[in-house]
Amino acid sequence: MSTVRCRARWLTAAVVAVWAVCLTTLAVLASVLVEAPDVRVLVIDTDAGADDAVAILELLRAEEMHIGRDWTGRRRETRVLAITCVFGNTGVENVTKNVLATLETAGRQDVPVYTGAGVALLPPKPTYDFYFGEDGFGDFLPPGPPDVNKVQPEHAAAALVRLAREHKGQLSLLCIGPLTNIALAVRLDAAFLDNLRDLFILGGAAHGNGNYKPGAEFNMYSDPDAAMIVLDAVPTDKPAFLLSWETALDAELPVAWRRDVLGAAGTADVAFLNRAEGVLLATLPTWNSADGLLAAHILDARVCPPGKAVRVDVLSGQGPGRGVSLVDHSNTTRLPANAVLVEKPDVAAFQRLLLRLLGSKGS
Numbered sequence: 001m002s003t004v005r006c007r008a009r010w011l012t013a014a015v016v017a018v019w020a021v022c023l024t025t026l027a028v029l030a031s032v033l034v035e036a037p038d039v040r041v042l043v044i045d046t047d048a049g050a051d052d053a054v055a056i057l058e059l060l061r062a063e064e065m066h067i068g069r070d071w072t073g074r075r076r077e078t079r080v081l082a083i084t085c086v087f088g089n090t091g092v093e094n095v096t097k098n099v100l101a102t103l104e105t106a107g108r109q110d111v112p113v114y115t116g117a118g119v120a121l122l123p124p125k126p127t128y129d130f131y132f133g134e135d136g137f138g139d140f141l142p143p144g145p146p147d148v149n150k151v152q153p154e155h156a157a158a159a160l161v162r163l164a165r166e167h168k169g170q171l172s173l174l175c176i177g178p179l180t181n182i183a184l185a186v187r188l189d190a191a192f193l194d195n196l197r198d199l200f201i202l203g204g205a206a207h208g209n210g211n212y213k214p215g216a217e218f219n220m221y222s223d224p225d226a227a228m229i230v231l232d233a234v235p236t237d238k239p240a241f242l243l244s245w246e247t248a249l250d251a252e253l254p255v256a257w258r259r260d261v262l263g264a265a266g267t268a269d270v271a272f273l274n275r276a277e278g279v280l281l282a283t284l285p286t287w288n289s290a291d292g293l294l295a296a297h298i299l300d301a302r303v304c305p306p307g308k309a310v311r312v313d314v315l316s317g318q319g320p321g322r323g324v325s326l327v328d329h330s331n332t333t334r335l336p337a338n339a340v341l342v343e344k345p346d347v348a349a350f351q352r353l354l355l356r357l358l359g360s361k362g363s
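For the sequence shown, the residue numbers in the UniProt record's numbering are 1 to 363.
Among these hints, one or two may not hold up.
[As the list claims (entries may be wrong)] Under the rule of at most 35 Å between Cα atoms (straight-line distance), these lysine-lysine pairs were calculated in the DSBU-like manner:
no., residue 1, residue 2
1, LYS308, LYS238
2, LYS308, LYS344
3, LYS308, LYS213
4, LYS213, LYS238
5, LYS168, LYS150
6, LYS308, LYS150
7, LYS238, LYS344
8, LYS168, LYS238
9, LYS125, LYS213
10, LYS238, LYS125
11, LYS168, LYS344
12, LYS125, LYS150
13, LYS213, LYS344
Read the hints as simulated data drawn from the structure, not as lab findings.
Construct the complete structure from the given sequences, taking the supplied hints into account.
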């Protein structure tokens with residue numbers, strides 16, 4: 001009897017142990033499934049610009065560090081698929097060279113780069129105020145054109161159309177320059193914006209406070225005809241997320257913080273940005289990273305949350321109203337909303353995110 005009882009006890013213990021292992025495994029698998037992040041596949045359309053470099057580096061470092069949350073706090077990671085270049089802060093050749101230098105700093109030469117529009121859809125030709133230096137990057141890079149061997153031969157607009165088709169319903173597009181490439185993509189494929197998962201736009205003056213002239217923000221003013229085409233084509237069931245100039249002003253920081261806190265972090269990214277933003281840091285009392293703020297919204301919507309859905313139009317044609325944003329806050333036109341305003345930034349959270357992504361050793 002004792003032998004039988006021992007065997008029974010052993011079998012019981014073994015069964016209990018197996019069940020414990022199974023339950024533990026199921027619990028782990030369940031937690032993984034619950035915590036499995038939603039992965040956003042992202043293309044960046046940029047007129048880089050030192051401010052654009054901040055945004056690009058944020059997104060690349062967040063990808064490496066698996067950082068990202070949606071508005072509810074659920075994990076959402078971002079993978080940068082490609083970068084397309086457009087004129088804006090400087091000519092498109094300089095923009096392309098600046099993007100390549102940024103990717104080299106990040107050690108991400110695997111990200112394909114496409115050159116796009118060098119001028120607006122219609123005259124006049126762009127004029128540059130050299131806010132970040134003549135090359136848009138503090139004039140510290142060697143002169144000359146970008147290395148064509150590092151640039152994809154396909155035009156940026158064609159690449160956007162192709163990538164949106166290949167990743168239909170999954171591709172997000174971040175626009176931090178004039179919307180010329182996007183308008184060309186819309187004209188190449190009427191379903192282009194429908195094929196996107198979502199669209200993020202830096203631009204416009206949602207409350208009439210422009211940075212180029214009253215009511216006109218730089219990106220929209222640089223090609224208002226393109227802005228009109230894009231905003232008219234935004235699907236009514238998927239309005240764009242728009243961060244306007246006024247929201248960027250709400251997140252403006254003392255240049256001393258940028259120089260003495262973030263700028264003293266001692267990482268390769270920060271050293272690179274210190275040179276690219278050298279002209280700006282030497283001349284202005286405040287630091288405004290509008291592009292970086294919209295990137296932060298993508299990485300963690302709680303940093304700068306989505307707000308009211310409105311109708312946004314940009315005036316084209318010649319005359320004093322060219323490039324001015326019309327935002328229907330009261331729905332007087334009864335037209336469907338085409339934009340969700342990204343407003344009310346948490347400035348302290350933005351600072352913490354910048355330090356975490358750009359100021360951590362290894363970045």
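(request) Could you tell me which of the numbered hints above are not met by this structure, giving the numbers in increasing order? (result) The structure conflicts with hint 6 only, although it agrees with all the remaining ones.
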